[in-house]
Amino acid sequence: MDDLLREFLTESAEHLDTVDAELVRFEQDPNNQTILRNIFRLVHTIKGTCGFLGLPRLEALAHAAETLMGQFRDGMPVTGPAVSLILVTLDRLKSILGDLERTGTEPLGDDADLIDALDRMSAGPMPEAAPAPVAEITLPEPVSRELKPGEVSLDDLERAFLEAEGPDPFDAPAPFVAAPEAFQPEAAAEPASAPVPGRKAADAPAAEPEGGVSKVQTIRVNVDTLEHLMTMVSELVLTRNQLLEIARRHDDSTYKVPLQRLSHVTAELQEGVMKTRMQPIGNAWQKLPRVVRDLSSELGKQIELIMSGAETELDRQVLEVIKDPLTHMVRNSADHGIESAADRKSAGKPARGTIRLSAYHEGGTITIEIADDGKGLDLAAIRRKAVERDIASQADIDRMTDAQVAKFIFHPGFSTAKAITSVSGRGVGMDVVKTNIELIGGVIDINTQLGRGTTFTIKIPLTLAIIAALIVKAGDQRYAVPQVAVLELVRVDTATAQKVERINGSPVLRLRERLLPIVTMTGVLGQDEAADSIDTGFVVVAQVGRQRFGILVDEVFHTEEIVVKPMSSKLRHIPLFAGNTILGDGAVVLIVDPNGVAQQVSHGSQTGSVPIEVEVEEAEATDAKATLLVFKGGAGSYKAVPLSLVTRLEEIETANVEWVGGRPLIQYRGRLMPLVPADPSIEIRAKGTQALVVFSDGERAMGLVVDEIVDIVEERLDIEISAERSDLIGSAVLRGRATEILNIAHFLPLAYDDWARGPRKPAKRASTLLLVDDSAFFRDLLSPVLKAAGYQVVTAGSADEAVAILLSNGRIDVMVCDLDMPGRNGFDLVGAMRKIEGRVASLPVIGISSSVGAEAIERARTLSIVDLVAKFDRSGLIAALAELDVASLADAA
Amino acid sequence: MIQAANSNAAETDSTQDFVTVFVGETMFGLAIDRVHDVFIPAGVTPVPMAPPEIVGLLNLRGRVVTALCLRRRLSMAERTGEGSRMAIGLEQGGETFALIVDGVGEVLKLGADTHEPVPINLDARWRDLALGVHRLEGRLLVVLDVDALLAFGATHRTAGAA
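Protein chains in written order, with the numbering used here: chain A, 129 to 1021; chain B, 59 to 220.
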């Protein structure tokens, strides 16, 4: 394809989009000559270029459309059907252009149907004005003068038109120029340079802004060229920084002045190149008037689209991402929001509905609003639907605010529309809209009033390429933390009031009467750290969603605007990093992804971590949830184990499996690890790789052989306990699939015969432990772990039951108690115990709680509860018990 | 890799240019059309939790390049003692990688007459990464398959997700 043709394609596509939008405006305002002139000019340009490039099919179509528009200009009434016909013609033009782009030649086909219809339409009032299409269409000189200001890149073509002299076969262009009277004679007399037409020509563009098409001097630049320019500028910045560094060391002031200038120029250059990436948001809106017009005629509604702030600029990458969601939302407003004219009238509203689309800058973000004055969201229906769909329980729904309920429309597969119209349900749902917007770090909000309308507010960052980041140091490395996630910085020190405290080794910080869980950057990154390093440094208080946590770093340097570069494909799987960047001094640093850190922390993969502080409403929803690892094991059935029990997931080469005494083993981290199939039907594959779920306890590890790791799910568990099989706790429905929940206690002895017998403390009488938890699931989850740690376990499902056991069973040595049980909670239970005479009063108690707050700690202290452990922190619990053992042995001695 | 092996077989008639690199005492050859750069690696930023082969990220003229260690890729023992290292710039799928080696030698033009298939008793890992061996005067040159060298990390991905 030659350059000329490519140029023509891009340009025509843009022109056609403009014509689309302009036509819709024209239909509403048929007397506006400026709009008509615009449309006419654009179609005419397309037609002329087609003739020049030898594209007869396009030319004939464009010509017929132009003729009809010529009739409009000459006073023919503008009717809906006529505009529709032209729009259909434009669609045909676009499809032909599409084929042309793919194949390089005009596709075969016949447009007689459209051309006939167009001709008939234009022949209506003035039959003589529909001339036959002729190949050599040329632009008469006066028109070419009109064309020039906006059509810079078509200069060559136009010159070619001028040179190729030919008869003007139809009279349309003549009246076109005649529209501003007295123009033509002058222009014809002195084609190029006469001062009088010069003034006239200046008048014409001056009238343009009223038409809305801004005529900016532009050239087309390939995106790759810009990206390359950007890279080169970055390099220039680095070189400048090196020079500055050298200049600082040498006291030779002759450099300094030119270097200062170089520095300024470089900074400006950088800014300028950045600007080239920005585009007005109007580019994403261009198709919307047409969409709304088509919808209103399809749905029989009267809808007006008002757009403001189209000139607001944002990064082209962001623009690409929000284009489809915006279209979908406007479509949605037209389809679901705006009522039919009759309904509107009976509701006392104007028959014509309005959708208002606006964009504006606000700080470092851009805000887009899509507001309709339609019927608003039916929150009652959404509440009902949410319960029906089992997305939330009736009790939860009743507690939710309207704003929370409205957000259900972003839930996948959620639609309250009674019937699916041809407009809705076209693949992009509101959930996709939300996902896309969140993908680029944006947020979306809904404000709705029944009968008054709905407003969606989207806030998105201006650009993805440059973000403000805090440069911190942890261990030997510097990292960049995106500023958006950082709430504040707190300096911690053992000597000052702000110091890190520990609960069972998990660091927390008191921050304005609240307890903030802390993770260390080095810890999250899996690096070793000195135990005392945790006491000094800076806590970066971060917020992700509703989670708040602190990241402890050694040093904080400054904030810097950084250019985000994507991670290498080899490193993209590490969730902790969002990308990397090159700092001013040329060093590469990693950009920490706060979402990744939050995930890592809440999954408790950092040993001794505290559960993330979650605001109350979410905590209520999740307290009964469990995180499970789902895998396929045996005849395609789904099985699951609590993720908290799993140490690692591995994939091994089956070639490395060794058989000792008929049992499979594998060398794992310098030790032999026994392999146990999750189901008798699973056989270790002869070749290839084999998925393993590794469980470990101290120095021992066991590999559970499974067919395939499927997923990690967090769900409310409703286990049906199975009594027949010792390898299963029971079964439950996870993600709509029946899933068997494995009893790990069954497998551990299969790997090591002595595992369950508490091998590490053979000399000591096994202590008896009372486990109090209202949830059968957690009792079942913890019992095997505790048994494996060498305790005899007695369980109780409530405080009352526990008291009964304590009074009747004199052998209980220690109690592990869930502190947040319904009814009489753990505190009440311990409080009651402390009042009982004798051994029970002094019984050591370890509390487990899903939320470890300052208040809970204080209360635990007054009740002399030995330790507080987070609910899912299995190793923390074992460690706390072990400490207790040491203490009690010391007492005994 | 199969494709690369085939293309290698097809070119047995003509000579091929190789950039030679050293790891320990072994000499390796990399097809010259895959080598974009030879430079001294400096200022490598390690990436926590990365696959072991990856040494880190470095800045090569304004581009962030992923550095991987040929020694670790070939499961060879870590280098003892000091010594300068060199890096070979390779490109794959629009991404640039730096292959860290002990040293870089001259460019050799080698014909099919000295080419031998990979000896079958070679370590499995080496066999996967080698395209063949050239018998040279006094020493052997192992031809490395650049695409295979850069095809790693997939097995780590599942484990890393845990």
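Just to be clear, a hint being listed does not mean it is correct.
Said to hold, decoys possible - Facing chain B, from chain A, some residues (calculated, C-beta under 7 Å):
no., residue
1, Thr367
2, Ser696
3, Asn708
4, Ile710
5, Leu711
6, Gly712
7, Asp713
Said to hold, decoys possible - The calculated EDC-like cross-link candidates involving lysine to aspartate or glutamate, where the alpha carbons are at most 20 Å apart (straight line), are:
no., chain 1, residue 1, chain 2, residue 2
8, A, Lys815, B, Glu153
9, A, Lys601, A, Asp524
10, A, Lys815, B, Asp186
11, A, Lys693, B, Asp186
12, A, Lys587, A, Asp573
13, A, Lys693, B, Glu153
14, A, Lys535, A, Glu490
15, A, Lys513, A, Asp524
16, A, Lys415, A, Glu355
17, B, Lys167, B, Asp91
18, A, Lys403, A, Glu355
19, A, Lys222, A, Asp238
Note that these hints are calculated values from the structure, not bench results. All C-beta atoms in this analysis are idealised placements derived from N, C-alpha and C, irrespective of residue type, glycine included.
Decide if the proposed pair is consistent with the structure: Lys513 (chain A) and Asp524 (chain A), CA atoms, cutoff 20 Å inclusive. 13 Å, holds
For the pair supplied as a hint, Lys815 (chain A) and Glu153 (chain B), is the alpha-carbon distance within the 20 Å limit? Judged against 20 Å, a Cα distance of about 33 Å means the pair is violated.
Does the structure keep Lys222 (chain A) and Asp238 (chain A) at a Cα separation of 20 Å or less? OK: Lys222 (chain A) and Asp238 (chain A) at ~15 Å, within 20 Å.
Pair hint outcome, Lys587 (chain A) versus Asp573 (chain A) [Cα-Cα no greater than 20 Å]: OK: Lys587 (chain A) and Asp573 (chain A) at ~9 Å, within 20 Å.
Against chain B, is Ile710 (chain A) within 7 Å by beta-carbon distance? 5 Å, holds
Restraint satisfaction for Asn708 (chain A) [CB to CB of chain B, less than 7 Å]: With Cβ-Cβ at 5 Å, under 7 Å, it holds.
Is the Cα-Cα distance between Lys815 (chain A) and Asp186 (chain B) 20 Å or less? Holds: Lys815 (chain A) and Asp186 (chain B) sit about 16 Å apart, inside 20 Å.
How about Thr367 (chain A): closest beta carbon in chain B under 7 Å, or not? Violated, because the Cβ-Cβ distance from Thr367 (chain A) to chain B comes to roughly 9 Å (cut-off 7 Å).
Is it true that the CA of Lys693 (chain A) sits at most 20 Å from the CA of Asp186 (chain B)? 32 Å, violated
Against the 20 Å threshold, does the CA-CA distance of Lys167 (chain B) and Asp91 (chain B) hold or violate the hint? Distance of about 13 Å is within 20 Å: holds.
Supplied contact hint for Ser696 (chain A), tested at 7 Å Cβ to chain B: 4 Å, holds
Satisfaction of hint between Glu355 (chain A) and Lys403 (chain A), Cα-Cα up to 20 Å: Distance of about 12 Å is within 20 Å: holds.
In summary, the structure is inconsistent with hints 1, 5, 6, 7, 8, 9, 11, 14 and 16 from the numbered list given earlier, while agreeing with the others.
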